[in-house]
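Asker: Spelled out, the chains give:
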Amino acid sequence: MSAGAGIASQGGGVAFAPMLRKRRGTELAMLAFAVLITFFAYANVGFGVNGKLPSGAFGYGLAFAGLLVAAHLTVRRFAPWGDPLMLPLAAILNGLGLVMIHRLQLASQAGLMPGNTLAASATTTQLLWTGLGIVGFIVVLVAVREIRVLQRYTYTLGIAGLIMLAIPALLPSSLSAINGAKVWIIVGGFSIQPGEFAKLALAIFFAGYLVVKRDVLALAGRRVLGIDLPRARDLGPVLVAWAASLMILIFESDIGTSAMFFGLFIAMIYIATQRTSWLLIGVALFVVGVLVTAALFTHVGARFEIWRHTFTAANINCNPATQTNCAPSYQLAQGVYGMGSGGVVGRGWGQGQPYLTPLAQSDFIVSSFGEELGLTGLMAILLIYGLIVQRGLRAALTVRDPFSKLLAGGLSFVLGLQVFVIVGGVTRLIPLTGITTPFLSQGGSSLVASWLLIGILMRISDSARRPPPQPIQEEGMTQVVRVT
Amino acid sequence: MNRALRRISIASLVMFAVLLLNVNYLQAFQADSLTSKPSNVRAFEQQFQQQRGQIVAADGTVLAKSVATKNVIYKFQRQYPHGPEYAPVTGYDSIFGASGLELTEDKLLSGNDPRLLVRNFVNMITGKKPQGAQVVTTIDPRAQTAAYKNLLATGLSGGVVALDPKTGAILALASAPSFNPNNYATFSGTKLNKIDTAYRQSPAQPLLNRAINETYPPGSTFKVVTSSTLFSSGKYTPDTVVPAPTVLQLPDSTATLINFDGEACGTGSVPIIYAFTVSCNTVFGGLGMKIGGPALHDQATKFGMNDPNLTIPLPVSESNMPLLTNDPPHVAQSAIGQFDDTVTPLQEAMFSATIANGGTLMKPYLVQKVEAQDLSSVEAATQQSLSQPVSGAVAGEVKRMMLSVVQSPSGTAHAATASLQNSGIEVGAKTGTAQNGINNTGLDDAVFTCFAQSGNQQIAVGVVVKGGGQGADAAAPIAVAVIKAYLGQQ
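Protein chains in written order, with the working numbering: chain A, 1 to 484; chain B, 1 to 490.
The set of hints was computed from the structure by calculation and includes no laboratory data.
Do not take every clue at face value.
Taking lysine to any residue and the SDA-like style, the derived pairs with C-alpha atoms no more than 20 Å apart in a straight line are [stated by the list, open to error]:
1) B:K75 <-> A:G51
2) B:K37 <-> A:P358
3) B:K166 <-> B:V378
4) B:K129 <-> A:K22
5) B:K37 <-> A:H309
6) B:K129 <-> A:G51
7) B:K128 <-> A:I37
8) B:K37 <-> A:A43
9) B:K128 <-> A:G51
10) B:K128 <-> A:A43
11) B:K70 <-> A:K22
12) B:K70 <-> A:G51
13) B:K37 <-> A:Q109
14) B:K70 <-> A:G111
15) B:K369 <-> B:E45
16) B:K70 <-> A:L112
17) B:K75 <-> A:L112
18) B:K128 <-> A:P54
19) B:K37 <-> A:R308
20) A:K22 <-> A:R77
21) B:K129 <-> A:V345
22) B:K70 <-> A:V49
23) B:K128 <-> A:R308
24) B:K75 <-> A:P469
25) B:K37 <-> A:N317
One side only, chain B facing chain A, incomplete, derived with CB under 10 Å [as the list claims (entries may be wrong)]:
26) F16
27) V18
28) N24
29) Q50
30) K128
31) T240
32) V242
C-beta: ideal position from N, C-alpha, C; glycine also.
Start from the sequences and build out the full structure, keeping to the hints where you can.
Answerer: This is how it looks when you write it as C-alpha cells:
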C-alpha cells in the first residue's frame with residue numbers, strides 16, 4: 001500500500017477547526033430522501049414482479065422511517081456534532097438491501113431459486129435485524145459518551161475478540177458451518193457470525209495497544225537497505241496477528257475474514273507508527289501465508305482455480321462432492337452473467353433473474369444489484385460505500401485524541417477493505433471469498449455489527465467536529481494551541 | 001499519524017477506483033461476450049419470462065401468440081392457432097431454435113431489438129412487463145386458406161405463392177406437406193428432440209418451405225421470359241409469324257424438340273401469340289436459339305432469377321437459368337423452361353406480377369409492419385422495385401398473350417379457368433408441364449403462373465405441384481381458387 005508515497009506530508013501538525021455547523025437539518029432531509037428511495041424501490045419490486053403495489057408497503061415503510069427518526073433524534077441529543085452524512089448513507093444501503101432481499105424472497109416463494117433458500121419471513125426478519133442494528137447504533141451513542149472510555153477495556157476486548165473468532169473453529173461443524181464456511185455459532189434455530197463482532201472488538205484492542213506501544217514500534221530498530229526494520233521482539237504482536245489470521249484461513253476456510261483481520265491490523269500499525277516497513281512486512285507475510293496454505297490446503301487452492309478458470313465447462317459443472325479434479329465455479333459464473341445481463345442501466349427491479357445465482361441474497365447481493373440496477377446502480381452503491389469510508393477517515397484526520405484517530409482510521413479502512421474483498425470477489429477482480437457485504441447482505445450479525453461500527457464512527461466524528469472550548473480573551477498573550 | 005492516515009485514504013480511494021473500473025469493464029464492455037457464453041442460460045430463460053410478440057395476418061388474424069402458463073421459468077408458451085397452414089410463414093419457436101419469421105424477426109418478437117430499447121427502458125421505469133413487438137404480415141387469410149386447402153387436396157407436394165403485383169406484398173405462401181409448429185412449443189427437451197427428428201427424417205420433408213426454398217423446372221411458363229426477350233429485342237411482336245415445325249431438329253446433335261404429345265403446331269407457320277396460347281415448344285425452342293443464350297439469361301436475371309440473396313425476409317432459394325453460350329441445343333431446351341432451368345413457386349408469381357404491373361418487378365415482402373406493445377410503429381414496409389425486366393409496351397404485349405391463354409378456346413388454360421370467365425375478373429396465365437427425372441421418366445410437374453384483376457385489385461399467383469401432370473390440370477384450379485378467394489367472387 002505505497003500508493004500515497006509521493007504525497008507531501010505537510011499539514012501533519014496542527015489541525016485547525018473551521019467554523020463548523022451541526023447540519024442536523026441536512027441529515028434529516030437526506031434521511032427522508034433515503035427512506036423515499038427505499039420506498040419507491042420497494043413499490044417498484046411489487047410492480048415489476050406482481051404488477052401491483054405490494055401489500056404492507058406503507059407498514060414496512062413507516063417502520064423503517066420510524067427507526068431512522070429514532071436514530072436521528074438520538075444523534076441530535078447525544079452526538080449533535082456528528083457527521084451528517086454517515087447516518088443517511090448507512091440508511092440507504094440498509095434500505096436497498098431490504099428491498100433486494102424482499103425481491104429475492106418473492107422469487108424464492110415462486111419456486112425460482114435453487115433450493116428455495118429464502119423463507120417467506122426473510123424480509124420481516126431482516127427488518128427486525130435492522131431494528132436491532134439501529135438500536136445498537138443508539139446504544140453506542142447513548143452509552144459511550146466519550147470514545148476513550150473504550151480504551152479502558154483494551155485487553156478485555158482483545159481477548160473477547162480472539163475468543164469470538166476461535167469459537168466457530170472449535171465447535172463441531174454441526175454447530176458452526178453453513179454452506180461450508182465454518183464461521184457461525186448455531187444455537188437452536190438461531191445463528192450468529194461472531195467474527196463480525198470480533199472485528200469491532202479487535203479494532204478497539206489494536207487501537208488501545210498501539211497507542212501505548214507505537215513509540216517503541218516506531219523508533220527502535222535498525223536501518224537495512226534504506227528500510228527501518230523493527231526489533232525482533234517487537235515483531236511479536238505482528239506474528240501473533242498473522243498466525244491468528246492463518247488459523248482462520250485454515251480452520252474456518254475463510255480467506256476473506258482472514259485478509260480483513262490482517263489488513264485491519266497492518267493498517268492500524270502503519271497509522272500508529274507511520275513506518276512503511278510494517279506495511280511491507282505485513283503484506284509479505286500475508287502473501288507468503290496465502291501461497292503456502294493455497295499449496296497445502298485444497299479448499300484454499302480451489303479459490304484460485306475458480307478465479308482463474310471461471311468459465312470452463314469442467315469447473316462450471318463441477319460437483320465437489322463427487323469430483324476432485326475441478327473447482328466449482330458455477331456460482332461465480334452465474335453472478336458475473338447476471339451483472340453482464342444488467343448492462344449499463346440494469347434490468348429493473350424485479351425484472352432480472354438474480355435468483356439464478358446461488359446465495360444471491362448474501363454473498364452475491366452485489367451481483368443482484370448489478371443485474372437489476374445495472375452499472376449505474378452499482379456505481380452509486382460503491383460510491384456510497386466510498387463516501388462512508390471517506391467520512392470516517394475525515395473524522396480520523398480531524399479528531400485530536402490518538403486513540404480515536406487510530407480507531408476511526410482502522411474501522412473506516414476495514415469497512416473499505418471488506419467492500420473491496422467481497423465486491424472484488426464477485427466481480428472476478430480477486431479470488432472470491434464469502435464475506436458479507438456491509439448493510440446489504442442478508443444476515444443479522446453483519447447488519448448489527450455494521451450499525452455498531454457506524455455508531456462508533458459517529459461518536460468519533462462528534463468529538464472531531466465539536467468546536468474546541470473558546471479561548472478566554474482576557475488572558476492576553478496566552479494562546480490555546482492544539483497539537484495532534 | 002495524519003500522514004499515514006492520508007496514505008490510507010489514498011489506498012482506499014485506489015481500492016474503490018479499481019472496483020469501479022472493474023464493474024465498468026464487466027457491465028459495459030464485457031456484457032455482450034458474457035451473454036453469448038454457452039453456460040449462460042439467462043438470455044435463454046428470459047425469452048420465456050416475458051411475453052413474445054404476436055405474428056398476425058394483414059387483417060389481424062392471429063398466426064402465433066404467447067399464452068401464460070403456470071410454469072415459473074417458462075412463463076409463456078407459444079401457440080399457432082392455424083398450425084400447418086401458416087407454418088411456412090411463421091416457422092416455429094422452440095427452446096432449441098427457431099425458423100421462419102420466428103427466426104428472422106426474433107429480436108423484435110422477443111423485445112431485444114435495439115429499436116425497442118427506449119420503450120423497454122420506459123417500461124422498466126414504470127414497472128410494466130417487457131413485451132415483444134407484434135409482427136403484422138402481408139398475408140391475406142382468404143388467399144392463404146384457399147391456397148393451402150386446395151394444394152392439400154391434390155395429395156401431392158408443392159408450393160403456392162400469391163403476390164400483390166403493385167406492391168410486392170405476399171398475400172399467400174403455402175407449402176404442402178406442412179408441419180405443425182405447435183409440436184415445437186414444448187419445454188421438454190426430449191419430446192422436442194423426438195418431434196424434430198421425426199420431421200427431419202420424414203421422406204415427405206414437411207419442414208421444407210416449398211413456396212420459396214424448393215425449385216422446380218418451370219416448363220412452358222418460362223415462355224413468358226422467352227417472349228419478353230423476343231419483344232424487348234424490337235424484332236418481334238405477338239403477331240410476328242414464325243416457323244412452327246412439328247419436330248425441331250437441334251443443331252450439332254441428334255436430339256429433337258417436340259410439342260406436347262408430339263402434336264403439330266398450327267399450319268407450320270404461326271404468329272407468336274398463337275404459339276404461346278397453345279404452347280408450342282418447337283416455336284419457342286427455335287426463337288430461343290435465334291435470340292441466344294446470353295439474352296435469355298439476362299432477361300431471366302431481370303425477372304429475379306439467378307439471385308441467391310433475395311430475402312422476404314425469409315431467405316429465398318435461387319431460381320436458376322444457366323448462362324449458355326455457343327450451345328444452341330441447350331438454349332432451345334432452356335427457352336422452353338427445361339434443361340437446367342429451375343424456379344421457386346415465388347419466382348412463378350414474380351413472372352406474372354411483373355407483366356401485370358406494367359413491366360416493373362416489385363420486391364416481394366412478407367412483413368407489413370412491426371408494432372411495439374403500445375401499438376406505435378417500430379418498422380413499416382417500404383415498397384421498392386427490384387428491377388424493370390421489360391418496358392411497359394412489352395409488358396402489354398406479353399399480357400395480351402397471357403390473356404389469350406385464358407380467353408382463346410384453344411388456350412391451354414381456357415378450360416381450367418372456365419369458372420372465372422364472365423365473372424368480371426380479367427385473368428392472364430401461362431401453364432407449364434415440366435418433364436422430370438432422368439430421361440424424363442419422372443411424373444410431370446404441374447406449373448402455373450397467372451395474374452388477375454378486378455377493379456383496382458390485382459393478384460399474381462404462382463403454383464407448382466410436384467408430379468401433378470399438366471399445369472392446367474393440377475395447378476390451375478389452385479390458382480383459380482386463390483384468385484376467387486382474394487378478389488371476392490365465390
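Asker: If a hint holds in the structure, say so; if it doesn't, say that too.
Answerer: Hint-by-hint comparison with the structure:
The hinted pair formed by K75 of chain B and G51 of chain A meets the criterion: a straight-line CA distance of about 15 Å does not exceed 20 Å. A distance of roughly 19 Å separates the Cα atoms of K37 of chain B and P358 of chain A; the hinted pair therefore holds under the 20 Å criterion. Proposed proximity of K166 of chain B and V378 of chain B is contradicted: the alpha carbons are some 24 Å apart, above 20 Å. The hinted pair formed by K129 of chain B and K22 of chain A fails the criterion: a straight-line CA distance of about 46 Å is larger than 20 Å.
Restraint check for K37 of chain B and H309 of chain A: the C-alpha separation of about 14 Å stays at or below 20 Å, so the hint holds. Between K129 of chain B and G51 of chain A, the direct Cα distance comes to roughly 8 Å. Compliance with the 20 Å bound is thereby established for this hinted pair. With a CA separation close to 19 Å, the supplied pair K128 of chain B and I37 of chain A stays within the 20 Å bound. The hinted pair formed by K37 of chain B and A43 of chain A fails the criterion: a straight-line CA distance of about 34 Å is larger than 20 Å.
For the hint linking K128 of chain B to G51 of chain A, the alpha-carbon distance of about 7 Å falls within 20 Å, and the restraint holds. For the given pair, K128 of chain B sits about 12 Å from A43 of chain A by alpha-carbon distance, which is consistent with the 20 Å threshold. Between K70 of chain B and K22 of chain A, the direct Cα distance comes to roughly 57 Å. Violation of the 20 Å bound is thereby established for this hinted pair. For the given pair, K70 of chain B sits about 17 Å from G51 of chain A by alpha-carbon distance, which is consistent with the 20 Å threshold.
Of the supplied pair hints, the one linking K37 of chain B and Q109 of chain A is violated, its CA atoms being roughly 29 Å apart against a limit of 20 Å. Among the hinted pairs, K70 of chain B with G111 of chain A is consistent with the structure: their alpha-carbon atoms are about 11 Å apart, no more than 20 Å. Of the pairs offered as hints, the one joining K369 of chain B and E45 of chain B is violated, with about 27 Å between alpha carbons and a cut-off of 20 Å exceeded. A hinted pair counts as satisfied when its Cα atoms are at most 20 Å apart, and K70 of chain B with L112 of chain A qualifies at roughly 13 Å.
With a C-alpha separation of about 11 Å, the suggested pairing of K75 of chain B with L112 of chain A holds against the 20 Å cut-off. Restraint check for K128 of chain B and P54 of chain A: satisfied, since their Cα atoms lie roughly 15 Å apart, inside the 20 Å limit. A threshold of 20 Å between alpha carbons decides the hint, and for K37 of chain B with R308 of chain A the separation of about 16 Å falls inside it, so the pair holds. A C-alpha spacing of about 12 Å is found between K22 of chain A and R77 of chain A, which places the hinted pair at or below 20 Å, so the restraint holds.
Distance restraint check for K129 of chain B and V345 of chain A: the Cα-Cα separation of roughly 16 Å lies within the 20 Å cut-off, and the hinted pair is therefore satisfied. For a cut-off of 20 Å, the pair hint linking K70 of chain B to V49 of chain A stands: about 15 Å separates their Cα positions. Proximity of K128 of chain B to R308 of chain A is assessed by CA-CA distance (about 39 Å); at most 20 Å being required, the pair is judged violated. At roughly 68 Å between alpha-carbon atoms, K75 of chain B and P469 of chain A are farther apart than 20 Å, so this suggested pair is violated.
Distance restraint check for K37 of chain B and N317 of chain A: the Cα-Cα separation of roughly 14 Å lies within the 20 Å cut-off, and the hinted pair is therefore satisfied. Because the smallest distance between the Cβ of F16 of chain B and any Cβ of chain A comes to about 4 Å, under 10 Å, the interface hint for this residue holds. Interface restraint check: V18 of chain B against chain A, minimum CB-CB distance 7 Å, threshold 10 Å, status holds. Hint status for N24 of chain B relative to chain A: holds, with the closest Cβ pair at about 6 Å, below 10 Å.
A distance limit of 10 Å between C-beta atoms decides the matter here; for Q50 of chain B the minimum to chain A is near 8 Å, and the interface restraint holds. The interface hint given for K128 of chain B holds, since its Cβ lies 8 Å from the closest Cβ of chain A, which is under the 10 Å cut-off. At its closest, the beta carbon of T240 of chain B sits 68 Å from a beta carbon of chain A; the interface hint therefore is violated under the 10 Å criterion. Given the 10 Å rule on beta carbons, the hint for V242 of chain B is violated: about 69 Å separates it from the nearest Cβ of chain A.
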